[in-house]
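With these hints in hand, go ahead and build the complete structure from the sequences.
Chains as they are written, first to last, in this note's numbering: chain A, 1 to 798; chain B, 1 to 345.
Since the hints were made in silico from the structure, they are not lab data. Keep in mind that a hint or two might mislead.
What the hints assert, rightly or not - When the alpha-carbon atoms are kept at most 20 angstroms apart in a straight line, the in silico SDA-like pairs for lysine to any residue are as follows: (1) B:Lys196 <-> A:Asp688; (2) A:Lys288 <-> A:Gly275; (3) B:Lys237 <-> A:Gly475; (4) B:Lys280 <-> A:Asp161; (5) B:Lys280 <-> A:Pro670; (6) B:Lys196 <-> A:Gln490; (7) B:Lys237 <-> A:Leu478; (8) B:Lys196 <-> A:Gly545; (9) B:Lys196 <-> A:Leu540; (10) B:Lys280 <-> B:Pro254; (11) B:Lys280 <-> A:Thr206; (12) A:Lys111 <-> A:Arg125; (13) B:Lys237 <-> A:Gly275; (14) B:Lys280 <-> A:Val36; (15) B:Lys47 <-> B:Ser36; (16) B:Lys280 <-> A:Ala20; (17) A:Lys111 <-> A:Gly98; (18) B:Lys280 <-> B:Ser206; (19) B:Lys237 <-> B:Asp156; (20) A:Lys756 <-> A:Thr777; (21) B:Lys280 <-> A:Val38; (22) B:Lys196 <-> A:Glu543; (23) A:Lys288 <-> A:Gly311; (24) A:Lys111 <-> A:Asp78; (25) B:Lys280 <-> A:Asp688; (26) A:Lys2 <-> A:Thr44; (27) B:Lys196 <-> B:Val246; (28) A:Lys2 <-> A:Val33; (29) A:Lys111 <-> A:Gly82; (30) A:Lys62 <-> A:Gly82; (31) B:Lys196 <-> B:Thr117.
Just so it is clear, the structure is predicted and the values come from calculations on it, not from any experiment.
So the chains spell out like this:
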Amino acid sequence: MKVSLNWLTDYITLPTEDVATIREAFESLGHEVEGVEVLEPDWTEVVIAEVVSVEPHPDADKVRLCQVVYDEARTPVDVVCGAWNFDVGALVPFAKPGAVLPGGFEIGRRKIRGVQSNGMICSDRELEIGDDAAGILVLDADAPVGTDFADHVDLPDVVFDLSITPNRPDAMSMLGIARELSAYFDVPYERLEPELPTVPGTPSTTVEIQDATGCLRFTGREIQHLEIAPSPFWMRQRLWVAGVRAISNAVDVTNYVMLELGHPLHAFDADRVVGDHLIVRRAEPDEKMTTLDDIERTLSEDDLVICDSTGAISLAGTMGGATSEVSDATSRVFLEAATWDPPTIMWMSRRHGLRSEASSRFERGVDPDLPLRASSRAAQLLAQVSGATVLADVVDEIAVPVAERTLELPLTVVERTLGADFPTQHVAELLEKLELHVSGDDPLVVTVPTFRPDLERPIDLVEEIARLHGYDRFGESLPRGSAAGLTPEQHRERRLRAALTGAGLHQAVHLSFMDPDDLDLIGYPADHPARNIVRVRNPLRDEEGALRTTLLPGLMASLRYNASHGADHGGLFETGRVFFADPDTADPRIPRQPLRLGFAVFGVSGGLELGGSGRPTDAYTATAITRLIAAGLDLEIVLRGTTYPGFHPGRCAEVVLGGSVVGHVGEIHPSVARHYDLGGRVVAGELDLPALVGPTPRPQLVTPSVFPRSEFDLAFVIDRDVPSADLVATTVAAAGELVESAEVFDEYRGLEDGRKSLAIHYVLRAPDHTLSGEEVTPVRTAMIEAAAASGATLRGQA
Amino acid sequence: MNRLDDIIEAAPRRVAAVRSLDELETVESELVGRHSELAELQRGIGKLAPEERPAMGKALQEARAALTAVLEDRRRQLERIGADALLADDRVDMTLEAYRLPAGSLHLIQQTIDEITDIFTALGYAVADGPEAELSAYNFDALNTPPTHPSRAESDTMYLEFGPHDSALMRTQTSPMQVRWMEDHTPPVHVIVPGKVYRSDTIDASHLPVFHQIEGLAVDTDITFSDLKGTLAHFAKEYFGPATTVRFRPHFFPFTEPSAELDVSCFNCDGGEPSCRVCKGVGWLEMLGCGMVDPNVLAHVGYDTDVVTGFAFGMGVERMAMVRHGINNIRHFIENDIRFLRQFT
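Given below as structure tokens:
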């Protein structure tokens, strides 16, 4: 909300003019200052002049020849003007030759189409005191001709743009702000109690509230003999500073009162209301109404409307209708000031995309005690600016009686929340500054005025006490903690990420959505568990149509992003949730949403030689990363070759931990990689995160032996499909406890009959003595025999 | 004996003139070899009178030791010179990046979460992780959000096709985990909740439909507004630097009362620099929302509001990182461009 300091001065005299101090006051009161604008006359030599003649231009039909007077001798000055919204007798701001207008624009004497023009008649846009560029600024009839126009404008001014929180309807007005500053600076402010001259009479319009949920109170006044005309200059200027467009006196006055008192009003052209009886009710399904923006709207049963005998003529609290709109011909208005149910207005204005100054107030909750005061103020202003007369009687239909709320505030509530420095007297003083009535001792009995619907409970009063006391006046202390910290699992999750970054992978973050079609791209069949998707009911885009059931599409898409931006290699990992349509084990009311670890790599990986050459990524990159994770987390994992959707049929492994499969790693199927525009071999893996970071036995020391080792190599020939790990395990098992390590150091797959050769390097060592030849030989024999039993022959001995 | 003295005296100069190990070998055999003068003298001992023999023997022994020492010194010198030359020839361009070990990176969001987490675990907070697909009952109802609150609208919140209509949604804040945590724990409670949150937002330079928050909650028998201020002032100093000052402004949130917004002094300009790129001359940076936990929230989980009070706060992780690292477009966080990721390790 825009707050003009000049306007504010109508109600309150602040003890300071310092902008920073006033800004600090607003911030401290909880009204965030989003901007401060200093407005000053940015011109020289502009006077108020009277137009004394207007003639057509002999050679141009878009401009006219005028004469204005402004000196005491009433010397006519010729000037050419392109505006048409004035005539002889108009009082206008006139820039004399030599004047400088905003933007450094100098006014001189010049010839326009052969006619001398000695100055310029200005529009409010040209003076930067308004935004009406359609015509020149026509001043009120009593503007003093010949005086400096700057003295006639309410400048300089300072305008604060405040962000009012949704719980504070009372602060959505100039008077409300004056009340806040009055409490802050401890200075009085003037409550506005308009004195309204009326003529005897009763409004011809009657009102019936049929929906007491939506309409709490409906008041109306009838104003007669209205003459629709532009509002006086001072009012137009204030509306402009507040960011509201001036239209005509009838409309401007309702807006002015809304800004001043915080109560939106609506003026019906009383002669265009058909049947003189208004009914407030919910709309019929598919009922139609044309709002005053000339849009025909289809209403729903949740909409609240005001109807005459023809049907809906106004969307309650939101926007009036075209059929009863005030026009230039209007002479009699029925002025509505009603109290609406805030949620009803909020949903209605959102539903129709009609959020406005009025709806922003009604949805916060306008003071139910305010309607008659507001319409009285508006009627007073209308009478003042247009000579209208106001009927003495009012319509006042009350569906829900207005009542002040009384709260009991035990001082312990204050003390427990704010600390011990709040004696009764201080608390009472603070609350009374806000016009709350306080009696009693402990508990305090607090009566809340109707303009503060947000104060419903003792704790709400505590907030007011803290706010007025000043948040910056509270001390700072550190409470005790719970001696908590990270859990072992959380520590291990950090170790997991450290292992992955150590392998050269970069952590990625993706949105948690997917397009269900992503699962086709990744190659998952229709019966894959990842097809058990949860859909988003109201997605903004197709890509966000469902919650992801796998991390792989996101990772693959990000590899593609990097490749398309010039990267020739790269590795990413992500930890995050995936979501399935079956109930969560911990809480069956929500979808199951396990945490996963995913990774994907393309191009070369590992250490890089000059020129970026390195080891091309392949299936062994995936298993190396997997083993690195296992090593980083003290996990005993087993990799078993398998097939899995999305992966290369011969280059995929399942990761087994504690007897359970916890995920799959390997090369992405070439056709899947092609979907993501990635060439070469691309590897990826997706693993169950809790399984990796879950509790694991602490490693126990095996003292490194100080005795010499005995080493030998064995080369076996075996079926190509027998995993090397099986052969190693078989031979190691046969060797008993003496094997310190066994490593395959060569694989040759070019043998006949689908066989391969595996060369294994064994290291044997005893913990307590030097191994002798006599000890090693039988062990070696046993290893060879065990290998033979599993189909492996020693190479060269076939 | 004079001869011996001459030999010893002349030897150092002679040895010092030697320029190579080969030459040193020649000189060595001349000085102490089988055909050297020294060996000659040694062999002549037998011709001396028996009483002269011990003295001569001793002198010869000392002379040999002295000559050997001189030779050995020179040998070591020459060896070192030779090795140095070899090594000098072995030099490389140390500015060349001829081999690179892989260096990955933690995502800046992760780093920010970890750093903030560490500040709070040091104060005795636990760290909780909660469901992102959440019940509306936890995300809104239990947090004192009225049924008519605009944040429940489909234009703001993503609802899921799961369970009864409107029952499941993508959490719009990490706050529902406050409720789940309190349901499972009795006071004192000190916990932070980092994690993803979801809003129906179109992606632009400052909005993502998925972003991260860190929620904090402390509930105990004697927590006051000053504890909230002290805790967050400590956090701000830890995260933004010891010179940081804070300002608390009244604000409104459904689940705290009193509520506040926390501003921190601009770490870039120390306030009041009109052209500051970080604070735009305001001097303060809007950092997070906080407040004393609304009694309705505590009562909802069965806590005795006559006994315990608490405070809660919530901050945007992306905002923290953007402010501190000069990131002007939030989209960087989800593009996963390695050129972005590797800048923050």
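How the hints compare with the structure:
| no. | hint | verdict |
| --- | --- | --- |
| 1 | B:Lys196 <-> A:Asp688 | holds, 19 angstroms |
| 2 | A:Lys288 <-> A:Gly275 | holds, 19 angstroms |
| 3 | B:Lys237 <-> A:Gly475 | holds, 16 angstroms |
| 4 | B:Lys280 <-> A:Asp161 | holds, 16 angstroms |
| 5 | B:Lys280 <-> A:Pro670 | violated, 51 angstroms |
| 6 | B:Lys196 <-> A:Gln490 | holds, 17 angstroms |
| 7 | B:Lys237 <-> A:Leu478 | holds, 13 angstroms |
| 8 | B:Lys196 <-> A:Gly545 | holds, 18 angstroms |
| 9 | B:Lys196 <-> A:Leu540 | holds, 18 angstroms |
| 10 | B:Lys280 <-> B:Pro254 | violated, 30 angstroms |
| 11 | B:Lys280 <-> A:Thr206 | violated, 55 angstroms |
| 12 | A:Lys111 <-> A:Arg125 | violated, 23 angstroms |
| 13 | B:Lys237 <-> A:Gly275 | violated, 69 angstroms |
| 14 | B:Lys280 <-> A:Val36 | holds, 13 angstroms |
| 15 | B:Lys47 <-> B:Ser36 | holds, 18 angstroms |
| 16 | B:Lys280 <-> A:Ala20 | holds, 16 angstroms |
| 17 | A:Lys111 <-> A:Gly98 | holds, 15 angstroms |
| 18 | B:Lys280 <-> B:Ser206 | holds, 16 angstroms |
| 19 | B:Lys237 <-> B:Asp156 | violated, 34 angstroms |
| 20 | A:Lys756 <-> A:Thr777 | violated, 26 angstroms |
| 21 | B:Lys280 <-> A:Val38 | holds, 17 angstroms |
| 22 | B:Lys196 <-> A:Glu543 | holds, 18 angstroms |
| 23 | A:Lys288 <-> A:Gly311 | holds, 9 angstroms |
| 24 | A:Lys111 <-> A:Asp78 | holds, 11 angstroms |
| 25 | B:Lys280 <-> A:Asp688 | violated, 45 angstroms |
| 26 | A:Lys2 <-> A:Thr44 | violated, 27 angstroms |
| 27 | B:Lys196 <-> B:Val246 | violated, 26 angstroms |
| 28 | A:Lys2 <-> A:Val33 | holds, 10 angstroms |
| 29 | A:Lys111 <-> A:Gly82 | holds, 14 angstroms |
| 30 | A:Lys62 <-> A:Gly82 | holds, 6 angstroms |
| 31 | B:Lys196 <-> B:Thr117 | holds, 15 angstroms |
Against the hints set out earlier in the document, violations occur for numbers 5, 10, 11, 12, 13, 19, 20, 25, 26 and 27.
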